[in-house]
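There are 4 protein chains.
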Amino acid sequence: MVEFRFPIRVYIEDTDAGGIIYYVNYLKFMERARTEYLRSLGYGKQAIFNSNLMFVVKSVNVDYMKPASLDDELEVTAKAIKLGGANMVMEQLIFRSDELLCRGEVKIVSVDKATVRPTRIPKAMVDAVREQ
Amino acid sequence: MVEFRFPIRVYIEDTDAGGIIYYVNYLKFMERARTEYLRSLGYGKQAIFNSNLMFVVKSVNVDYMKPASLDDELEVTAKAIKLGGANMVMEQLIFRSDELLCRGEVKIVSVDKATVRPTRIPKAMVDAVREQ
Amino acid sequence: MVEFRFPIRVYIEDTDAGGIIYYVNYLKFMERARTEYLRSLGYGKQAIFNSNLMFVVKSVNVDYMKPASLDDELEVTAKAIKLGGANMVMEQLIFRSDELLCRGEVKIVSVDKATVRPTRIPKAMVDAVREQ
Amino acid sequence: MVEFRFPIRVYIEDTDAGGIIYYVNYLKFMERARTEYLRSLGYGKQAIFNSNLMFVVKSVNVDYMKPASLDDELEVTAKAIKLGGANMVMEQLIFRSDELLCRGEVKIVSVDKATVRPTRIPKAMVDAVREQ
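So the sequence lines, in the order shown, correspond to chains H, C, L and D. Just so we're aligned, residue 236 is where the first sequence starts under our numbering, counting upward by one. Just so we're aligned, residue 236 is where the second sequence starts under our numbering, counting upward by one. Just so we're aligned, residue 236 is where the third sequence starts under our numbering, counting upward by one. Just so we're aligned, residue 236 is where the fourth sequence starts under our numbering, counting upward by one.
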């Protein structure tokens with residue numbers, strides 16, 4: 236379960252009156268990286284939306300170490316650090332060069348679209364995550 | 236077609252690194268006021284979502300006069316200034332006390348949900364807008 | 236340290252293609268409630284911005300129980316559950332009537348604006364939080 | 236004054252409960268493309284923030300033709316179509332392959348940071364825009 240890295244540029248829309256990135260927006264960056272990670276495994280969002288399951292975010296835990304600023308070039312990682320039957324915990328780190336700015340853990344759960352009940356993550360996807 | 240006024244407080248989420256409101260967010264404020272205006276006429280968003288038509292935004296034209304800042308208390312107006320068969324142009328002003336900060340014109344079109352084709356705005360709604 | 240409650244209406248800007256509130260946006264709602272809580276104690280954001288200290292978010296932990304939808308009327312609480320020398324942990328609950336949709340813990344740290352080093356929360360503020 | 240093109244992927248954060256991109260967010264996409272266009276001419280946002288002038292958005296006019304959806308790959312153009320002493324009008328088109336989804340005109344004004352008064356766009360920048 237190696238680390239996936241995705242580059243993100245900071246735009247004015249991401250900042251706040253404190254002159255730095257609005258801390259809430261790091262969660263959007265993490266989701267972009269997660270999305271691209273899953274797409275790289277063959278599970279694009281559209282593919283997931285078209286299947287009979289979907290992923291919902293169950294919890295997020297984020298620690299903020301250092302702020303990022305306008306125009307910064309960041310790298311956001313995505314790595315599965317726990318794989319249960321119907322859920323997966325992703326660790327997501329945000330770097331500016333070698334500096335770690337922010338660390339998140341995001342728990343996502345696979346649910347059936349019709350019933351919205353937890354449902355087993357498809358084996359092919361589990362295998363893809365494990366091999367990656 | 237009198238003016239509807241809706242109060243909005245500026246939070247840190249609305250600002251940018253320039254220290255003022257991020258100009259794009261005024262469009263969200265305008266939509267909140269439009270939504271509350273339609274709700275006041277008996278057309279809450281949920282009601283609209285549950286009917287067989289929906290409204291889509293066709294164009295927006297916004298002039299920015301003065302910036303607003305964190306914590307400001309604004310008032311956003313909504314007033315239909317044109318009513319066609321399937322569309323409506325709303326004028327929306329954003330004030331801080333007596334100062335006009337921003338003026339927008341938003342054209343919305345009533346479309347059939349199934350076909351996404353323009354469809355006549357229901358007479359009851361037209362009447363409600365006219366009388367208001 | 237009683238609970239403060241703040242009403243928030245869900246608008247289209249808050250939703251996502253899943254048809255529910257985009258989970259990241261609950262963090263904005265929590266900040267609105269925190270801001271209003273501090274304002275109710277005499278510490279409006281502007282007042283804080285004008286002083287020589289500011290508050291930064293150090294960590295957020297959020298559990299999502301049930302989704303909210305367009306047009307829902309929510310109530311967001313803010314309550315200090317831990318008060319250190321330079322930091323404060325707030326518990327924030329989001330309700331739709333009696334249903335708990337979401338629970339967050341947000342740790343904020345008081346820092347000196349010039350040095351960005353942690354600095355003691357003013358005694359008057361600690362007292363205000365305690366009495367509240 | 237040729238056209239600059241910038242690719243943008245649609246993420247869940249960009250969508251709304253209608254299942255499409257929230258129309259307000261196209262303005263963010265346009266600003267990203269404008270920012271990259273100016274950077275390509277040697278005027279990165281940080282460079283502008285560090286100079287004694289800044290650019291403010293004076294007006295936006297946007298026409299929406301067709302909606303974009305989750306996961307779509309868009310291209311956003313930026314082209315100066317008018318260059319005054321202190322202002323510039325940019326035309327910005329949003330495409331999905333050959334389909335034009337949205338067209339915007341954004342007027343930006345160069346102002347002195349200290350006085351916030353309109354100030355002449357530097358000749359080097361005007362030349363860079365003209366030659367481009």
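None of these hints come from the bench; they were simulated from the model. Heads up, the beta-carbon is just placed ideally off N, CA and C, and yes, glycines get one too. Among these hints, one or two may not hold up.
[Said to hold, decoys possible] Facing chain D, from chain H, some residues (calculated, C-beta under 10 Å):
| # | residue |
| --- | --- |
| 1 | Arg244 |
| 2 | Thr270 |
| 3 | Asp298 |
| 4 | Tyr299 |
[Unchecked claim] Lysine to any residue pairs mimicking SDA-like chemistry, simulated, CA-CA at most 25 Å apart:
| # | chain 1 | residue 1 | chain 2 | residue 2 |
| --- | --- | --- | --- | --- |
| 5 | H | Lys293 | H | Val346 |
| 6 | L | Lys293 | H | Ile243 |
| 7 | H | Lys263 | C | Lys348 |
| 8 | H | Lys342 | L | Lys358 |
| 9 | D | Lys301 | D | Lys348 |
| 10 | D | Lys348 | H | Val346 |
[Unchecked claim] Looking from chain D toward chain H, a few residues come up when the C-beta cut is under 10 Å (computed):
| # | residue |
| --- | --- |
| 11 | Glu248 |
| 12 | Ala282 |
| 13 | Asp362 |
Structure-based check of all given hints:
Taking 10 Å as the C-beta contact cut-off toward chain D, the hint placing Arg244(H) at the interface holds, the least distance being around 8 Å. At about 6 Å, the closest approach between the beta carbon of Thr270(H) and any beta carbon in chain D falls short of 10 Å, and the interface hint on this residue holds. Interface restraint check for Asp298(H): the shortest CB-CB distance to chain D comes to about 21 Å, outside 10 Å, so the restraint is violated. With a least beta-carbon distance of about 19 Å to chain D, the hint placing Tyr299(H) at the interface is violated under the 10 Å criterion.
Note on Lys293(H) and Val346(H): the hinted pairing holds, with a Cα-Cα distance of about 11 Å set against a maximum of 25 Å. Between the alpha carbons of Lys293(L) and Ile243(H) the distance comes to roughly 22 Å, so the proposed pair stays at or under 25 Å and holds. Of the supplied pair hints, the one linking Lys263(H) and Lys348(C) is violated, its CA atoms being roughly 30 Å apart against a limit of 25 Å. For the hint linking Lys342(H) to Lys358(L), the alpha-carbon distance of about 38 Å lies beyond 25 Å, and the restraint is violated.
For the given pair, Lys301(D) sits about 38 Å from Lys348(D) by alpha-carbon distance, which is inconsistent with the 25 Å threshold. A hinted pair counts as satisfied when its Cα atoms are at most 25 Å apart, and Lys348(D) with Val346(H) does not qualify at roughly 52 Å. Interface hint at Glu248(D): satisfied, since its Cβ lies 5 Å from the closest Cβ of chain H, which is below the 10 Å cut-off. Using the Cβ-Cβ criterion of 10 Å, the hint placing Ala282(D) at the interface with chain H is satisfied: the shortest such distance is roughly 9 Å.
The interface hint given for Asp362(D) is broken, as the beta carbon of that residue sits about 23 Å from the closest beta carbon of chain H, more than 10 Å.
This entry does not satisfy hints 3, 4, 7, 8, 9, 10, 13, going by the numbered hints stated previously.
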